[in-house]
Amino acid sequence: MHELSIAMSIVDAALEEASRRGVQVTGVHLRLGALSGVVKDALLFSYEVACQDTPLEGTTLIVEDVPVVVFCPQCNDQRTLESVQSFTCPECGTPTIDVRKGKELEVFALEVQE
Amino acid sequence: MSEPRLVEVRRNVLKQNDLIARALREQFRAAGVFVVSLVSSPGSGKTMFLEKTLTQLQPRYRVAALVGDLATENDAVRLARSKAPVKQITTGTLCHLEAAMVQTALEGWNLHDMDFLFIENVGNLVCPSSYDLGENLRLVLMSVTEGEDKPLKYPTIFNSADVAVVTKNDLAGAVEFDWEAARASIQAVRPGMKIFRLSGKTGQGMEEYLEFLSEQLAEQRRTALTS
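So the sequence lines, in the order shown, correspond to chains E and H.
The opening residue of the first sequence carries number 1 in the numbering used here; numbering runs sequentially from there.
The opening residue of the second sequence carries number 1001 in the numbering used here; numbering runs sequentially from there.
Just chain H, with the same shape it has in the complex:
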């Protein structure tokens, strides 16, 4: 038997996901819908935050949401209270969403009927970082109850995100949240990252963040027109 030899192949392991994500991004662009994904640890207040986002954007925009969860449909039920179209993606044992799941979940929905589409990932700060979902903006959420060094513990997901949202700010005093320390750890893993500090429950800080989303949508449509 001959000696083993090395053959170069250069195959991106996530190529299939990346191809679907690229196709989705192109569809979103063509339909003029701005897509925001949300990642965080379980219990960071993602669903409350998204419910408020959907409710408050609705008077001005057409919004819809896909929600990933391991086993239950509780989140979709909660979000449906906003009256926005919501679809649950139940992942079973899978700890993250993949582009193909988003593609399947979107079947039957007309993207042209939307201004914003939100994709809530499964609560997990590790696995979702590897998968592009075709989104325009990835938000990473951390609540004030989680500790200021969360970004240093999960640098990959914070680095892969575009915007950080610090939630449950109404509890900041009770847990003696050190805002400067949190800001420093976010900036260490993603220098220049935009940070919103808010409370979904009281609504404090929501306005500035919603305004930011409006600007992002307007910007995307401007670019689509000129390209």
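So that you can see chain E by itself, here it is in the shape it has in the complex:
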């Protein structure tokens, strides 16, 4: 389980951005790709632990799940995979590994109070 070290990196990133902007954080919004290798439940639990004794204690981690989006060469378009166990276009069945979305592990916004 590496979610605790990921959670600590999230806390560090959020604190750095908050101090740079001179704001107080009440929530952290995270984009989490289905191919990020991070388990959401373990991360939510770890986040609370990582926040202890920091200015982020008591804040919420809001996770937005990002499904895997691939480019299908046959359809010449982006398609959302139904499952990470099958890298084939859901429309036409063409196999593809051209991943366009789904690897995200990104703090994309902070909920702040001025």
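For the record, the hints were derived by calculation from the structure and aren't laboratory data.
All values reported here derive from a predicted model rather than from experimental measurement.
Every residue, glycine too, gets a C-beta built ideally from N, C-alpha and C.
It cannot be assumed that every hint is accurate.
[Stated by the list, open to error] Just a sample of chain H residues kept apart from chain E, beta carbon distances all over 12 Å, derived: (1) Lys1083; (2) Gly1173; (3) Ala1224.
[To be verified] Just so you have them, the derived chain H footprint on chain E, three or more residues with Cβ under 8 Å: (4) 2–11; (5) 21–31; (6) 82–94; (7) 106–113.
[As the list claims (entries may be wrong)] Cross-link-like lysine-lysine pairs, in silico, DSBU-like; alpha carbons within 35 Å at most: (8) H/Lys1015 / E/Lys101; (9) E/Lys103 / H/Lys1087; (10) E/Lys40 / H/Lys1015; (11) H/Lys1015 / H/Lys1201; (12) E/Lys103 / H/Lys1194; (13) E/Lys40 / H/Lys1194; (14) H/Lys1153 / H/Lys1087; (15) E/Lys103 / H/Lys1015; (16) H/Lys1201 / H/Lys1087; (17) H/Lys1015 / H/Lys1194; (18) E/Lys101 / E/Lys40; (19) H/Lys1083 / H/Lys1194; (20) H/Lys1194 / H/Lys1087; (21) H/Lys1153 / H/Lys1194; (22) E/Lys40 / H/Lys1153; (23) H/Lys1087 / H/Lys1015; (24) H/Lys1153 / H/Lys1015; (25) E/Lys101 / H/Lys1083; (26) H/Lys1153 / H/Lys1201; (27) E/Lys101 / H/Lys1153; (28) E/Lys40 / E/Lys103; (29) E/Lys103 / H/Lys1153.
Following the hints, position chain H against chain E.
Same frame as chain E, now just chain H:
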């Protein structure tokens, strides 16, 4: 007190690791060393496979290895029998290698003295998938004793790898390993992935895989020359 508002920040959480990995990849390219990382579950035969790889490449190439392990130095001791330079990275409780650990472990080694560098990750099919180590090629290993559906259970790591190696093939008959089912599950999570089926113990299938590595090194050097 005012209402909370949303500020967009867009910070990649693994940015630090990715930056170090990128710097390492550039160093590897400049030194002309081809770097292969190995990921698998514990007990898949990674160390035996790597020992044979180092031993058999040595007559033709200068090889070295970094080995990640939680607590012991047993793997480094085993690999040292190949006479190749080997360094252990003991991760403590950490379940994966990170780029910074590779960077630190490489201190004191001259990359220009190597053709191949192998990085054996900690035995784990989950956590290592998130961390780029700057490698040129990521091998994912699964042994015939683990079950044909392993790739479907751990799609992220199989998808993040470039090549699959099915090990312990000498035991395939004893465990009634269904090769077609295994191939289908690998191809489902990573269509077109190159697969080697071999036995480190008997050496069967090793030649084809070693030839593939030689081609990869030659290709990398060709590209480095033209770029």
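Cross-check of the supplied hints:
no., hint, result
1, Lys1083, "holds, 34 Å"
2, Gly1173, "holds, 28 Å"
3, Ala1224, "holds, 25 Å"
4, 2–11, "holds (count 5)"
5, 21–31, "holds (count 6)"
6, 82–94, "holds (count 5)"
7, 106–113, "holds (count 8)"
8, H/Lys1015 / E/Lys101, "holds, 17 Å"
9, E/Lys103 / H/Lys1087, "holds, 31 Å"
10, E/Lys40 / H/Lys1015, "holds, 19 Å"
11, H/Lys1015 / H/Lys1201, "violated, 40 Å"
12, E/Lys103 / H/Lys1194, "holds, 22 Å"
13, E/Lys40 / H/Lys1194, "holds, 31 Å"
14, H/Lys1153 / H/Lys1087, "holds, 31 Å"
15, E/Lys103 / H/Lys1015, "holds, 13 Å"
16, H/Lys1201 / H/Lys1087, "holds, 23 Å"
17, H/Lys1015 / H/Lys1194, "holds, 29 Å"
18, E/Lys101 / E/Lys40, "holds, 17 Å"
19, H/Lys1083 / H/Lys1194, "holds, 29 Å"
20, H/Lys1194 / H/Lys1087, "holds, 29 Å"
21, H/Lys1153 / H/Lys1194, "holds, 19 Å"
22, E/Lys40 / H/Lys1153, "holds, 17 Å"
23, H/Lys1087 / H/Lys1015, "holds, 26 Å"
24, H/Lys1153 / H/Lys1015, "holds, 27 Å"
25, E/Lys101 / H/Lys1083, "violated, 44 Å"
26, H/Lys1153 / H/Lys1201, "holds, 26 Å"
27, E/Lys101 / H/Lys1153, "holds, 21 Å"
28, E/Lys40 / E/Lys103, "holds, 14 Å"
29, E/Lys103 / H/Lys1153, "holds, 18 Å"
Of the hints listed earlier, those the structure fails to meet are numbers 11, 25, in rising order.
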